[in-house]
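Heads up: the protein sequence lines correspond to chains A, B, C and D, in order.
Numbering-wise, the working numbering puts 150 at position 148 of the first sequence, and it's gapless, one number per residue.
Numbering-wise, the working numbering puts 245 at position 243 of the second sequence, and it's gapless, one number per residue.
Numbering-wise, the working numbering puts 305 at position 303 of the third sequence, and it's gapless, one number per residue.
Numbering-wise, the working numbering puts 5 at position 3 of the fourth sequence, and it's gapless, one number per residue.
Note that these hints are calculated values from the structure, not bench results.
It cannot be assumed that every hint is accurate.
Same chains, same names: a pair is fine if it fits in one copy or spans any two.
20 angstroms max Cα-Cα, derived EDC-like pairs, lysine to aspartate or glutamate [claimed, not checked]:
1. Lys-176 / Asp-88
2. Lys-43 / Glu-61
3. Lys-319 / Glu-270
4. Lys-324 / Glu-262
5. Lys-148 / Asp-88
6. Lys-176 / Glu-271
7. Lys-319 / Asp-46
8. Lys-176 / Glu-61
9. Lys-43 / Glu-85
10. Lys-324 / Glu-190
11. Lys-176 / Asp-314
12. Lys-87 / Asp-44
13. Lys-319 / Glu-271
Chain residues, written in single-letter form:
4 protein chains.
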Amino acid sequence: MNTYGAAFRVTVFGSSHGPGIGCVVDGCPAGIDLSPDIVQKDLDRRRPSSGIGTPRAEEDLVQMQSGVHEGRTIGSPIQMFIENKDRDSSKYSAFKRTPRPGHADYPAVVKYGPGHDIRGGGQFSGRMTAPLVAAGVVAKALLSTKGIRFAAYTRSIGRVRDEEQRSLSEVWDKVYGRSTRAASDLLEERMRTEILTAKEEGDSVGGTVRCIVEGLPVGLGEPFFDTIDGELAKLLFAIPAVKGVEFGEGFGASEMRGSENNDTYHFEEGRVRTSSNHAGGVLGGMSNGMPLDLRVAFKPTASIPRAQRTVDLGTGKEAMLKIEGRHDPCIVPRAVVVVEAVSALVIADLMMRGGYIARTC
Amino acid sequence: MNTYGAAFRVTVFGSSHGPGIGCVVDGCPAGIDLSPDIVQKDLDRRRPSSGIGTPRAEEDLVQMQSGVHEGRTIGSPIQMFIENKDRDSSKYSAFKRTPRPGHADYPAVVKYGPGHDIRGGGQFSGRMTAPLVAAGVVAKALLSTKGIRFAAYTRSIGRVRDEEQRSLSEVWDKVYGRSTRAASDLLEERMRTEILTAKEEGDSVGGTVRCIVEGLPVGLGEPFFDTIDGELAKLLFAIPAVKGVEFGEGFGASEMRGSENNDTYHFEEGRVRTSSNHAGGVLGGMSNGMPLDLRVAFKPTASIPRAQRTVDLGTGKEAMLKIEGRHDPCIVPRAVVVVEAVSALVIADLMMRGGYIARTC
Amino acid sequence: MNTYGAAFRVTVFGSSHGPGIGCVVDGCPAGIDLSPDIVQKDLDRRRPSSGIGTPRAEEDLVQMQSGVHEGRTIGSPIQMFIENKDRDSSKYSAFKRTPRPGHADYPAVVKYGPGHDIRGGGQFSGRMTAPLVAAGVVAKALLSTKGIRFAAYTRSIGRVRDEEQRSLSEVWDKVYGRSTRAASDLLEERMRTEILTAKEEGDSVGGTVRCIVEGLPVGLGEPFFDTIDGELAKLLFAIPAVKGVEFGEGFGASEMRGSENNDTYHFEEGRVRTSSNHAGGVLGGMSNGMPLDLRVAFKPTASIPRAQRTVDLGTGKEAMLKIEGRHDPCIVPRAVVVVEAVSALVIADLMMRGGYIARTC
Amino acid sequence: MNTYGAAFRVTVFGSSHGPGIGCVVDGCPAGIDLSPDIVQKDLDRRRPSSGIGTPRAEEDLVQMQSGVHEGRTIGSPIQMFIENKDRDSSKYSAFKRTPRPGHADYPAVVKYGPGHDIRGGGQFSGRMTAPLVAAGVVAKALLSTKGIRFAAYTRSIGRVRDEEQRSLSEVWDKVYGRSTRAASDLLEERMRTEILTAKEEGDSVGGTVRCIVEGLPVGLGEPFFDTIDGELAKLLFAIPAVKGVEFGEGFGASEMRGSENNDTYHFEEGRVRTSSNHAGGVLGGMSNGMPLDLRVAFKPTASIPRAQRTVDLGTGKEAMLKIEGRHDPCIVPRAVVVVEAVSALVIADLMMRGGYIARTC
């Protein structure tokens with residue numbers, strides 16, 4: 003369903019070609035600083051970057067229709083709405099009949115039938131990540147009162163990979179000054195080239211995003227099933243195009259020995275710390291006080307300007323499909339702020355469920 | 003919390019050193035064939051294999067205490083109980099003070115306080131996967147009535163990797179005849195050696211499990227947040243030692259071009275099929291009718307017989323810890339049937355939530 | 003929280019003095035006829051009636067911002083928004099300090115603190131029933147496709163009671179032509195007098211609403227905890243001013259003998275029917291195929307134009323409070339359509355949870 | 003489903019004629035005093051009283067199989083099991099064909115089909131209230147650490163009504179010394195006679211239970227939908243034979259004027275109190291600090307030893323049914339401790355959801 007969270011809850015609605023899209027955030031305590039401006043800032047970070055993104059102009063101006071009064075949350079549900087400016091959906095109707103490879107068209111038509119509103123990808127559209135970003139701003143505002151910070155950045159585009167194990171403060175906020183959300187100017191250059199090369203070849207390319215979270219209380223996460231890593235993974239996989247999620251060493255840990263992978267404990271200024279962070283901040287489904295460290299794999303954009311084989315569900319014959327329009331040759335730079343938002347939504351819910359943040363006075 | 007599922011629901015209870023462990027499965031329709039024998043068969047597949055597993059004898063005999071009558075489910079909750087035979091927990095009390103690297107001891111003590119029952123790992127113990135396996139048998143029995151089948155096997159141990167893209171029928175049921183749950187005798191040999199080498203060196207080793215699911219209806223999965231991949235990932239991360247989950251090409255897709263990664267459609271005997279399965283059977287959070295294909299990364303067993311650095315939470319000083327007892331040098335072979343079970347629990351819940359299986363007549 | 007339902011789900015937001023109020027309805031299948039017009043019709047039935055209601059002009063014009071296309075639902079969440087026209091909230095600030103007897107002011111201030119947005123009653127305002135009515139229209143539209151119909155009417159105002167056991171067709175739709183929602187012109191006259199008398203005496207009066215539901219499948223309701231009567235009661239108590247809920251004979255059954263109260267079975271045109279309906283259509287938490295018959299008790303409006311004793315939370319002394327403004331001397335006539343709506347929301351959710359209505363094709 | 007609660011959660015299982023019945027209580031913090039003995043004490047209060055109850059011997063000995071160590075909860079799920087001693091279910095098979103008036107037989111057969119395990123009433127049996135009582139003891143033990151106390155008693159049997167507005171301390175614990183759970187010896191006498199008269203006439207009789215809760219924090223209850231009265235009503239209606247629930251004046255309030263019904267505020271030893279408690283401790287879905295005061299209506303026992311008309315679902319003809327066996331002529335005395343338990347389960351969940359009780363250290 004279109005609702006996530008038990009104690010801090012987000013509901014999304016809308017589709018890319020109706021009147022608009024939006025969300026309702028429920029459970030946020032009163033008294034948190036929140037304004038349309040700080041939401042707008044993150045929404046702007048989700049817009050396509052010049053040169054490497056789709057030139058379609060989506061302004062995504064947010065309206066706050068409830069839950070905030072005089073710049074502060076008031077404890078009741080926060081509703082935000084983003085009007086759709088550009089609603090030319092004529093080109094989408096064909097996809098019900100000749101489903102686009104790599105898109106949700108085919109399973110959606112089987113599930114919902116030919117009456118399904120497939121325009122703009124319907125509910126499965128990347129556009130639905132805009133209200134998630136808006137909701138994520140509320141979560142980040144709430145969590146910042148507890149000293150919890152999030153930083154995501156592009157770790158790889160295609161085969162160009164950032165091999166550094168960067169700290170949060172190294173990347174926080176800064177990467178949004180670079181079109182690819184890379185962690186250095188050199189990587190920006192190389193990643194940008196990787197994207198432009200794919201674009202020039204009429205193709206697209208994937209990549210990975212890393213997200214670091216600092217300031218979590220030790221023990222955050224609910225056993226047995228509502229673990230911190232499990233809940234994060236659940237919501238990260240809801241982002242379109244995500245194909246893998248890992249924590250700490252992740253898949254790399256499967257090739258390691260226990261003596262290498264175990265993070266040993268010591269004291270640092272009276273606090274328990276581990277000398278390495280192979281666990282990515284998670285043990286037994288709970289935070290262990292080290293930075294949470296996760297990576298998300300994005301597949302290459304499915305919409306490419308090449309002719310592709312598909313089926314014609316009307317005639318029962320095979321067909322060729324050429325997708326018109328301008329699409330992002332790489333979704334990863336726009337997804338960075340989405341990964342941050344989604345991570346914040348999960349952490350906010352776990353913090354409130356666990357009683358680390360009180361609902362009320 | 004210790005409950006998973008909206009329409010097909012499992013609740014686990016117990017810990018490794020109390021009277022026993024068990025589960026309650028709620029929501030299973032009446033009339034499904036189920037007996038203690040078929041549950042026992044899977045529980046036995048979770049037992050350590052001779053030579054490469056811990057020699058601790060856990061018989062894990064299941065008792066069905068409700069929900070089944072004359073070999074069939076009756077529609078009311080199914081409760082299963084496994085008595086604990088071996089309850090020597092004396093050695094665990096030390097871990098509250100000197101937490102084991104790589105285990106949940108430290109976050110658990112912070113979360114639950116020193117009164118926490120840490121014996122045998124408490125709720126975070128691998129032993130809690132036994133009731134999951136039992137519940138998974140109910141899910142598999144239910145789903146088999148709809149032609150849905152699950153097969154998991156060991157894809158890698160340490161650096162020994164099975165490079166074949168095997169089909170379900172190639173591995174189904176057969177791998178349980180091999181101690182490592184490898185897909186071929188040759189791989190059994192090499193993986194077994196990898197485990198024994200680690201063991202001899204007083205170390206442990208990780209690995210990956212692949213799970214294939216066939217027979218899913220096209221469109222299974224609930225947008226936007228309760229996707230098939232997201233729900234599977236959530237529950238897979240609840241298995242102790244899991245550090246990564248990917249579908250289809252997974253992290254590999256992040257290095258691919260769209261033209262390579264997109265699975266194109268064609269007809270096969272009147273059914274829509276894709277020529278490749280890079281998507282691993284999932285598009286837009288829904289099954290697309292191709293086999294579901296997922297991989298899970300397990301870290302090496304945290305308990306190793308070498309002395310490790312840790313902290314003494316009592317004195318506030320650093321300490322050395324040597325973990326006594328016999329532990330599995332590699333958890334992966336025992337985890338294969340757990341991955342199958344957990345996948346089946348998720349699919350059963352989605353099938354019932356989506357109305358593909360009716361609760362009642 | 004502000005969300006109800008597992009499979010057919012409503013989330014409400016807004017408060018009486020912010021920009022507006024609204025709801026998101028999730029889970030409604032595609033293809034159901036729905037337009038702003040039919041929603042508006044029920045919203046108008048919630049408006050105060052001339053003479054006996056508050057003269058405050060609330061137009062409550064609904065906007066549908068997502069989920070409907072060309073007069074039909076499209077399967078994605080339906081968002082509806084009602085702008086607040088009249089937002090004079092100056093008079094409410096005093097109630098944080100001198101809480102109104104019979105209102106939620108005092109517990110709300112303790113729960114949410116003095117920063118709480120108490121204007122217009124905040125989340126506890128009767129105004130929040132407007133989005134419930136809007137959501138209820140979606141539920142009724144969905145359920146009408148299965149032949150399920152709802153009819154509510156005013157059964158009593160103060161001591162004026164309708165002693166007839168009326169059938170659904172006798173009251174359906176017709177009562178909205180009478181200002182008190184009474185079932186006959188004579189009762190309209192007497193109930194209207196009861197309200198006007200209270201009003202003239204500077205007082206208010208309570209009453210009861212009866213709701214009848216026909217067309218339910220036998221067996222609707224989820225044991226053990228999600229019973230049809232329990233779920234209805236839960237949501238009915240969420241309507242402000244409700245103090246009691248009963249089914250069939252209700253409290254009267256407690257004085258009866260089993261031989262009187264048991265409804266015996268017989269066949270009627272091949273269908274199993276009971277000769278009486280003391281059970282109100284519910285047995286063991288499930289519908290039994292007879293009309294569902296429930297009654298809801300509303301207390302008299304708490305806001306009365308007389309001076310009342312209260313406390314001054316600022317000075318810690320006792321105080322007198324006179325509530326300005328024009329309030330409904332009796333809330334019952336406006337609540338009739340709310341009871342209908344709330345009943346429809348619960349039944350829609352149970353129908354979808356139980357698989358009686360499929361989410362998808 | 004068979005699970006209730008978001009943060010303090012109970013799952014029940016079993017049926018009256020399988021191996022046994024039981025429950026799992028999840029979410030209870032560690033360190034709460036709990037032993038089989040105090041659970042047994044409440045289970046014994048649910049047993050039929052000599053002379054006025056069924057003579058069937060159900061010993062209901064509870065076993066605690068997890069979650070408690072050395073007399074204290076350990077934070078993991080608490081499982082309790084009650085073996086069924088008496089399983090003679092032969093007489094129940096007939097009821098699938100000739101459903102008992104007033105019982106769930108008919109809707110259950112339609113819902114679950116003829117394969118349904120109807121023995122002993124299946125899941126709809128009053129016997130399933132035994133695990134609820136056991137779970138309620140855990141809730142009461144937890145809440146007593148916060149000074150919250152529950153007291154229920156029989157307010158009426160048939161037409162014999164206790165007209166006193168008794169305080170909690172007047173009835174607490176004492177009523178269990180009387181067979182009818184009446185609040186005075188005189189009422190015990192009169193209520194006992196009422197039951198015995200019905201019994202002698204081959205009939206049964208209903209009644210009401212009142213429950214008082216003291217010590218609740220002001221503001222307990224979650225707006226808009228998870229109100230304290232709504233959640234209590236939901237679970238109270240899950241008790242077999244309940245037909246009505248009301249708070250404070252309840253249905254009586256519908257006949258009152260606002261000036262009578264409003265509870266005015268004053269200070270008492272520095273605390274805000276109301277001079278009357280017509281609201282029954284609930285305003286706007288939240289506790290207001292006054293004692294919570296609720297009443298529950300029970301219909302007369304459906305099983306009576308007189309021949310009753312019913313249908314034969316096999317032949318499609320009408321039939322006469324005479325129910326053999328010894329049944330309680332009045333269920334109310336046994337239901338008193340069940341109402342207490344169910345109220346405690348709801349309050350425990352709301353206390354934990356609202357953050358009034360922390361899950362962890």
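Structure-based check of all given hints:
1. In this homomeric assembly, Lys-176 and Asp-88 never come within 20 angstroms of each other (Cα to Cα): the closest approach is 31 angstroms inside a single copy and 45 angstroms across copies.
2. For a Cα distance limit of 20 angstroms, the shortest separation of Lys-43 from Glu-61 inside one copy, 12 angstroms, qualifies, whereas the shortest one across copies, 35 angstroms, does not.
3. Only between protomers do Lys-319 and Glu-270 lie at most 20 angstroms apart by alpha-carbon distance; the minimum there is 11 angstroms, versus 67 angstroms within a single protomer.
4. When the C-alpha separation of Lys-324 and Glu-262 is checked against a cutoff of 20 angstroms, the pair qualifies only between copies, where the shortest distance is 16 angstroms, while the shortest distance within a copy is 50 angstroms.
5. Proximity of Lys-148 and Asp-88 under a CA criterion of 20 angstroms is satisfied in neither setting, with 39 angstroms inside one chain copy and 38 angstroms between copies.
6. For a Cα distance limit of 20 angstroms, the shortest separation of Lys-176 from Glu-271 qualifies neither inside one copy, at 29 angstroms, nor across copies, at 54 angstroms.
7. In this assembly of identical chains, the alpha carbons of Lys-319 and Asp-46 never lie at most 20 angstroms apart, being 43 angstroms within a copy and 49 angstroms across copies at closest.
8. Proximity of Lys-176 and Glu-61 under a CA criterion of 20 angstroms is satisfied in neither setting, with 22 angstroms inside one chain copy and 49 angstroms between copies.
9. In the homo-oligomer, the alpha carbons of Lys-43 and Glu-85 lie at most 20 angstroms apart inside one protomer (17 angstroms), although the nearest pairing across protomers, at 26 angstroms, exceeds that limit.
10. Neither within a single protomer nor between protomers do Lys-324 and Glu-190 lie at most 20 angstroms apart by alpha-carbon distance, with minima of 31 angstroms and 47 angstroms respectively.
11. Within a single copy, Lys-176 and Asp-314 get their C-alpha atoms no closer than 47 angstroms, and across copies no closer than 39 angstroms, so neither meets the 20 angstroms cut-off.
12. Proximity of Lys-87 to Asp-44 under the C-alpha cut-off of 20 angstroms is restricted to the intra-copy arrangement: shortest distance 19 angstroms within a copy versus 31 angstroms between copies.
13. Taking CA atoms no more than 20 angstroms apart as the test, Lys-319 paired with Glu-271 passes between copies only; the shortest distance there is 12 angstroms, against 70 angstroms inside one copy.
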